[in-house]
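Q: Can you build the whole structure from these sequences, using the hints too?
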Amino acid sequence: MSLVLLLALPIIPMIIFYFQTQNPKHANKPHPPGPPRLPFIGNLHHFDGRSPHTYLRRLSEKYGPVTSLKLGFRRVVVISSADAVKEIIKSHDAVFSSRPALATVRRLTYNYLDVAFSPYNDAWREMRKISTIHLFSAKQVQSFRPVFKDEVAKMMGKIARDAASSAVADLSETMMSLSSNTICRVAFGKSYGDERYGKSRFHDLLRDTQPLLGGFFMADYLPSLRWIDNLSGMAAKLDKIFKDMDAFCEEVIEEHMKPNRPKSMEGDIIDVMLRMKRDGSASFDITLDHIKALLVGIIIGGSDGTATALEWALTALMKKPSSMKKVQAEIRQLAGKKEMIDEEDIEKLPYLRAVVKETLRLFPPGPLLLPRETIKKCSINGYEIEGGTMVYINAWAIARDPTTWENADEFLPERFLAAEIDVRGQNPKVIPFGFGRRGCPGIGMGMSAIELALANVLHKFEWELPHGMKEEDIDFDSEPGFGLHKKNALRLVPKLVFA
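Those letters in the sequence shown? Residues -21 to -1, 1 to 478, by mature numbering (1 follows the signal peptide of the UniProt record, and there is no 0).
Be a bit skeptical, because a hint or two may be false.
Distance condition first, Cα-Cα at most 20 Å in a straight line; then the derived PhoX-like pairs of lysine-lysine [unchecked claim]:
| # | residue 1 | residue 2 |
| --- | --- | --- |
| 1 | K474 | K133 |
| 2 | K474 | K298 |
| 3 | K299 | K449 |
| 4 | K169 | K65 |
| 5 | K169 | K128 |
| 6 | K317 | K305 |
| 7 | K304 | K316 |
Pair ranges (Cβ atoms, derived) [as the list claims (entries may be wrong)]:
| # | residue 1 | residue 2 | range |
| --- | --- | --- | --- |
| 8 | K216 | P381 | 38 to 44 Å |
| 9 | E233 | E450 | 47 to 53 Å |
| 10 | N467 | D258 | 47 to 53 Å |
| 11 | A468 | E385 | 28 to 34 Å |
| 12 | P190 | S145 | 31 to 37 Å |
| 13 | S203 | P12 | 25 to 31 Å |
| 14 | D27 | L204 | 18 to 24 Å |
| 15 | K237 | E399 | 31 to 37 Å |
| 16 | D27 | K222 | 44 to 50 Å |
| 17 | R140 | H446 | 18 to 24 Å |
| 18 | L313 | L204 | 45 to 51 Å |
| 19 | D258 | G315 | 18 to 24 Å |
| 20 | N467 | L313 | 29 to 35 Å |
| 21 | K237 | S145 | 41 to 47 Å |
No lab work stands behind these hints, which were simulated from the structure alone. Each residue gets a CB set at the ideal place from its N, CA and C atoms; glycine is no exception.
A: This is how it looks when you write it as structure tokens:
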């Protein structure tokens, strides 16, 4: 008898855990449906981290637009319909405005303040206000326009040199370089690189960071097994990236505080934050750690989104020559042989803007957005969602929902000409930048940068596939992980239309 009891002891905690994680039978409202779970690990055994947005879309097709999972100890709900998002925006935005303390987010972005920006609290609300009113306001974005134009002009010069030598241009690398250099100058007041365009310390740091953002950390779901992260080397990589990122932020902040700093640093994002720190204009004391946390968010979110959108836009246009011809004809009819398209021209290019919107619909840079966490119990689509639940909003699935969009998986910019559809978080059918309190504060800057760069590369160059490659060889494969990066770099041959 004692032997049987001894053998059963390790199983008892698993049984208790299992029954504790089941939905209460007498709840006022049902909990969202989902796939069957195993004791202890829940649904971790079949969660697909290689392409989570497509896996979660398949689950929603089987269980409905509000689906529940159990990933280790975490309760997870997946939102996959515009109607559910609309309900959140209308009635529960504050409830869905916190962030779970995941290892990557905590270590890379919020570790400075013990997750001070992660919960929905007074410090976070004040930083959000600073971002929207002071750092990314329409007036501030307009002041960055000379930087956008200068960096696009540099990129155009590089592409022109490739065209002169009939070289194949690596546009994936080119667009990431453009984006990271622009962010450097807007946030830090100067580019952090050598004389070769696109090769910079900042670019290398960003490249090393991205794979970890979609990485799986056992500590996030089963803390008792965090030793696996140490064994796999993931924890060590995360610590190294944090130290490198922290050293970089420390360096650029110190440079801004020197009396003989470059004039280009006046009015950049760090300068604005330091000025508010000195004059005490915020409702709380801004520290250097606040500034660092904000910078890391800009580094991670700002550079990647713009580059990814440009890369997918050119891929989609190459795959559909009729759309390519239409957008180039619109630009060239307006601008003729003008040296460079500017922001005033963009306002007169409706098809170009439709191309950008359609690209963001089909290829949102963060297909699952950043995960949220509910701060209290609420009801969505008739289902009860507990407080402390991690929430994934599948922006990719929502924007490809065939019940909402005609020919949902087809690249059709014309759909945005037929109706005025907002992509900046006001229309729940397409939310590439998120929405509500957790929407991206840099939407205006991101859209301006994407439209300006795309207009210019389409205006001045024709684009051809490398020798031996056919239109059917163009693929839409993406890298594994939570981002939506092209798996295979976009390489095209530029042909200069006019000097």
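Q: Compare the structure with each hint and give your call.
A: Here is what the structure says about each hint:
no., hint, verdict
1, K474 <-> K133, "holds, 17 Å"
2, K474 <-> K298, "holds, 18 Å"
3, K299 <-> K449, "holds, 12 Å"
4, K169 <-> K65, "violated, 41 Å"
5, K169 <-> K128, "holds, 15 Å"
6, K317 <-> K305, "holds, 19 Å"
7, K304 <-> K316, "holds, 17 Å"
8, K216 <-> P381: 38 to 44 Å, "holds, 40 Å"
9, E233 <-> E450: 47 to 53 Å, "holds, 51 Å"
10, N467 <-> D258: 47 to 53 Å, "holds, 50 Å"
11, A468 <-> E385: 28 to 34 Å, "holds, 32 Å"
12, P190 <-> S145: 31 to 37 Å, "holds, 33 Å"
13, S203 <-> P12: 25 to 31 Å, "holds, 28 Å"
14, D27 <-> L204: 18 to 24 Å, "holds, 20 Å"
15, K237 <-> E399: 31 to 37 Å, "violated, 48 Å"
16, D27 <-> K222: 44 to 50 Å, "violated, 31 Å"
17, R140 <-> H446: 18 to 24 Å, "holds, 19 Å"
18, L313 <-> L204: 45 to 51 Å, "violated, 59 Å"
19, D258 <-> G315: 18 to 24 Å, "violated, 48 Å"
20, N467 <-> L313: 29 to 35 Å, "holds, 33 Å"
21, K237 <-> S145: 41 to 47 Å, "holds, 46 Å"
Comparing the model with each numbered hint stated earlier shows that hints 4, 15, 16, 18 and 19 do not hold.
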